Amino acid sequence: MITSSKRDELICPRCRSTDIGVICCSPVKGVWTVHGCKACLYVWRDTEPEENRNPDLYPEPFRLKPEDVRNFPVVPTIPALRKKKSDE
Amino acid sequence: MTAIHDLRGFLEILEKNGQLLHITEEVQLEPDIGAAGRAISQLGETMPALSFEKIKGYRKARIVTNIHGSWPNHALMMGLPQDSDTRTQFFEFVRRYQTFPGTVERRDDPPWKENLVEKDVNLFDLIPLFRLNRGDGGFYIDKSCIVTRDPDDFDNDNVQNLGMYRLEVKGPNRIGIQPVPEHDIAIHLAHAEERGEDLPVVIALGASPLMEIVASMPILYNQSEYEMVGALQGEPCRVVRMDNGYDVPWGAEYVLEGRILSRFREAEGPFGEFTGHYSGGRLMPVIEIDRVYHRNAPIFEHLYLGQPWTEIDYMMAINTGAPLYVQVKEAFPEVVAVNAMYTHGLVVIVSTKRRIGGFARTVGMRVMTTPHGLGYAKLVIMVDETVNPFDLKQVMWALSTKVNPAGDLVVLPHMSILPLDPGAMPEGMTHKLIIDATTPVPPDSRGNFAQQLDSPVGTEKWRDTLSKLLSEVQQ
Chain G
93 MITSSKRDEL ICPRCRSTDI GVICCSPVKG VWTVHGCKAC LYVWRDTEPE
143 ENRNPDLYPE PFRLKPEDVR NFPVVPTIPA LRKKKSDE
Chain L
-18 MTAIHDLRGF LEILEKNGQL LHITEEVQLE PDIGAAGRAI SQLGETMPAL
32 SFEKIKGYRK ARIVTNIHGS WPNHALMMGL PQDSDTRTQF FEFVRRYQTF
82 PGTVERRDDP PWKENLVEKD VNLFDLIPLF RLNRGDGGFY IDKSCIVTRD
132 PDDFDNDNVQ NLGMYRLEVK GPNRIGIQPV PEHDIAIHLA HAEERGEDLP
182 VVIALGASPL MEIVASMPIL YNQSEYEMVG ALQGEPCRVV RMDNGYDVPW
232 GAEYVLEGRI LSRFREAEGP FGEFTGHYSG GRLMPVIEID RVYHRNAPIF
282 EHLYLGQPWT EIDYMMAINT GAPLYVQVKE AFPEVVAVNA MYTHGLVVIV
332 STKRRIGGFA RTVGMRVMTT PHGLGYAKLV IMVDETVNPF DLKQVMWALS
382 TKVNPAGDLV VLPHMSILPL DPGAMPEGMT HKLIIDATTP VPPDSRGNFA
432 QQLDSPVGTE KWRDTLSKLL SEVQQ
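Listed in order, the protein sequences are those of chains G and L.
The numbering of the first sequence is the working numbering, which starts it at 93 and goes up by one.
The numbering of the second sequence is the working numbering, which starts it at -18 and goes up by one.
Note that these hints are calculated values from the structure, not bench results.
Here the structure is a predicted model, which is why all the values come from computation and not from measurement.
Please note that a few of the clues may not be correct.
In silico SDA-like cross-links for lysine to any residue, where the CA-CA straight-line distance does not exceed 25 Å [claimed, not checked]:
| id | chain 1 | residue 1 | chain 2 | residue 2 |
| --- | --- | --- | --- | --- |
| 1 | L | Lys37 | G | Val114 |
| 2 | L | Lys100 | G | Thr139 |
| 3 | L | Lys41 | G | Pro119 |
| 4 | G | Lys130 | L | Leu242 |
| 5 | G | Lys130 | L | Asp435 |
| 6 | L | Lys100 | G | Pro119 |
| 7 | G | Lys121 | L | Leu242 |
| 8 | G | Lys130 | L | Phe245 |
| 9 | L | Lys100 | G | Val114 |
| 10 | G | Lys176 | L | Ala171 |
| 11 | G | Lys157 | L | Tyr259 |
| 12 | L | Lys37 | G | Lys157 |
| 13 | G | Lys121 | L | Gly177 |
| 14 | L | Lys41 | G | Val123 |
| 15 | L | Lys37 | G | Lys176 |
| 16 | L | Lys35 | G | Pro119 |
| 17 | G | Lys130 | L | Asp179 |
| 18 | G | Lys175 | L | Asp435 |
| 19 | G | Lys175 | L | Phe245 |
| 20 | L | Lys37 | G | Cys117 |
| 21 | L | Lys100 | G | Cys117 |
| 22 | L | Lys35 | G | Glu140 |
| 23 | G | Lys157 | L | Arg115 |
| 24 | L | Lys41 | G | Cys117 |
| 25 | L | Lys35 | G | Val123 |
| 26 | G | Lys130 | L | Glu247 |
| 27 | G | Lys176 | L | Pro153 |
| 28 | L | Lys37 | G | Ser109 |
| 29 | G | Lys130 | L | Val422 |
| 30 | G | Lys176 | L | Ile168 |
| 31 | L | Lys35 | G | Pro147 |
| 32 | L | Lys334 | L | Leu242 |
| 33 | G | Lys121 | L | Lys334 |
| 34 | G | Lys130 | L | Asp106 |
| 35 | G | Lys157 | L | Glu175 |
| 36 | G | Lys176 | L | His172 |
| 37 | G | Lys176 | L | Glu175 |
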């Protein structure tokens, strides 16, 4: 799973959650870090263009509130469990 | 043709034919790879594949893109001259398709067994993942061959599925997958979830260009994709039987083995899709990866997609029309050709002879009742057998002159469409339209078409003469 970030000031550019973890550091040390938001699952690299890192510049049509993801449509729907023979 | 069993074999062919561009200067994963993928598609229909050979932050990583992204590349994959036009490529594809089933060769020496990672799998370490378009919710694997078996019919190789579905890598070994209900993998997943079981899944990256063509091709549920690859390449399709009973492409660069978690959904998306629009966010299934195999110095094959045309439109072009052609022609032999190159067949153009009045629109409805039609074929344009559906100038002529909206528009209300269609309302539902741009035949007597122009006597002879003179002048 995503490990906790030591950089508490990080904010998710998409949903502004502060519950952020580090997913990966560059194999060549110190070049970049990939962060992940635990609320909306947005992932970003700290060397991307600023609109993908900075909540104030993040493109408006893609912004979210952390609670929005709960209302996403479910695809595909989850089918009913089959009845076990012992239940019949 | 000589079969191309892996990505590296095809890269050699591209190189030999001047269709591979090496980018040796260091690139940033964002925005360079996506921007270059977009740019190459804007430069024309004959563009090469791109090979990025120095990636910032990785010691040794290589990304290739635009492998299928032009007609010359598609022709070379088919073993045809690289200047073959789309109609020629279509009919050669259909000819090979009709030799189905081809043969499958099981081997145990896959190059991807060179390395195995089972402990602390971190896909971001192993694969140079990146964001393709600015609104994407994360880093995607958008070109892969995903294998599943039906847990209710496990040993049936014909219903084992090889498909291409988008994958969002959300954590070190955690991937979101989009198995839309119209696609075969959704049947396997539904059976597993009804049983309350995880669905084992194997993901092959960089399998081979033809394997990817078949993975993104709408063949019938009980047709084996591997036997289709064998038919299309005219040589046995190489696969490897895994310990879990799955058959996996022999030539892959990476093989990821995992499970789709049963009865679980999690936020996924948005992703900039082949419709030229973002998908929006959905709650979709999740794969946990347990182990990764890869070649030495593995090559990550990716694909740019955006507002058409981009690489994906070349990849899902001929392979979409060919099965529709065969399936519809089985019912109506008068069908001459099917062009389903537009947005994976959301628009389909069919040329056909007409047996009786009203015939062409009946054929149009048959297109909509193929398995692929369930999620596509929103607009079907019917043209005469003398109109080449691959030549849009001819199609526009037919639309300009043969159509009277008073009787030639057939609207079918509230049909199913894939959820990604941005025009749908509600999502997954749409009206569909057949435009009958054919010349009416009895007992249909509408219009004034008796005096259609044809070519003057001697045109064919003059075409040969002029072509010869032209080639002499141009030499």
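Outcome of the hint check:
1. Lys37/L x Val114/G: Since the Cα atoms of Lys37/L and Val114/G sit roughly 19 Å apart, the hinted pair holds (cutoff 25 Å).
2. Lys100/L x Thr139/G: Roughly 28 Å separates the two Cα atoms, so the pair is violated.
3. Lys41/L x Pro119/G: 9 Å, holds
4. Lys130/G x Leu242/L: 19 Å, holds
5. Lys130/G x Asp435/L: Violated: Lys130/G and Asp435/L sit about 67 Å apart, past 25 Å.
6. Lys100/L x Pro119/G: 17 Å, holds
7. Lys121/G x Leu242/L: Not OK: Lys121/G and Leu242/L at ~33 Å, beyond 25 Å, violated.
8. Lys130/G x Phe245/L: 17 Å, holds
9. Lys100/L x Val114/G: 19 Å, holds
10. Lys176/G x Ala171/L: 16 Å, holds
11. Lys157/G x Tyr259/L: Judged against 25 Å, a Cα distance of about 18 Å means the pair holds.
12. Lys37/L x Lys157/G: 32 Å, violated
13. Lys121/G x Gly177/L: Violated, at about 43 Å.
14. Lys41/L x Val123/G: Given pair Lys41/L, Val123/G holds - Cα atoms ~14 Å apart, limit 25 Å.
15. Lys37/L x Lys176/G: Cα-Cα ~54 Å, so violated.
16. Lys35/L x Pro119/G: 13 Å, holds
17. Lys130/G x Asp179/L: Holds, at roughly 24 Å.
18. Lys175/G x Asp435/L: 67 Å, violated
19. Lys175/G x Phe245/L: Holds, because 19 Å separates the two Cα atoms, which is no more than 25 Å.
20. Lys37/L x Cys117/G: Given that 25 Å is the threshold and the Cα spacing comes to 12 Å, the pair holds.
21. Lys100/L x Cys117/G: Roughly 18 Å separates the two Cα atoms, so the pair holds.
22. Lys35/L x Glu140/G: 17 Å, holds
23. Lys157/G x Arg115/L: Status holds; Cα separation ~18 Å.
24. Lys41/L x Cys117/G: Holds, because 15 Å separates the two Cα atoms, which is no more than 25 Å.
25. Lys35/L x Val123/G: 14 Å, holds
26. Lys130/G x Glu247/L: 11 Å, holds
27. Lys176/G x Pro153/L: Not satisfied, since the Cα-Cα distance of roughly 36 Å exceeds 25 Å.
28. Lys37/L x Ser109/G: 28 Å, violated
29. Lys130/G x Val422/L: This hinted pair is violated, its Cα atoms lying about 63 Å apart.
30. Lys176/G x Ile168/L: 20 Å, holds
31. Lys35/L x Pro147/G: Answer violated: Lys35/L to Pro147/G is near 30 Å, above 25 Å.
32. Lys334/L x Leu242/L: Violated, because 50 Å separates the two Cα atoms, which is more than 25 Å.
33. Lys121/G x Lys334/L: Measuring from Cα to Cα gives roughly 66 Å; hence the hint is violated.
34. Lys130/G x Asp106/L: Holds, at about 20 Å.
35. Lys157/G x Glu175/L: The hint is violated at about 33 Å.
36. Lys176/G x His172/L: 14 Å, holds
37. Lys176/G x Glu175/L: 11 Å, holds
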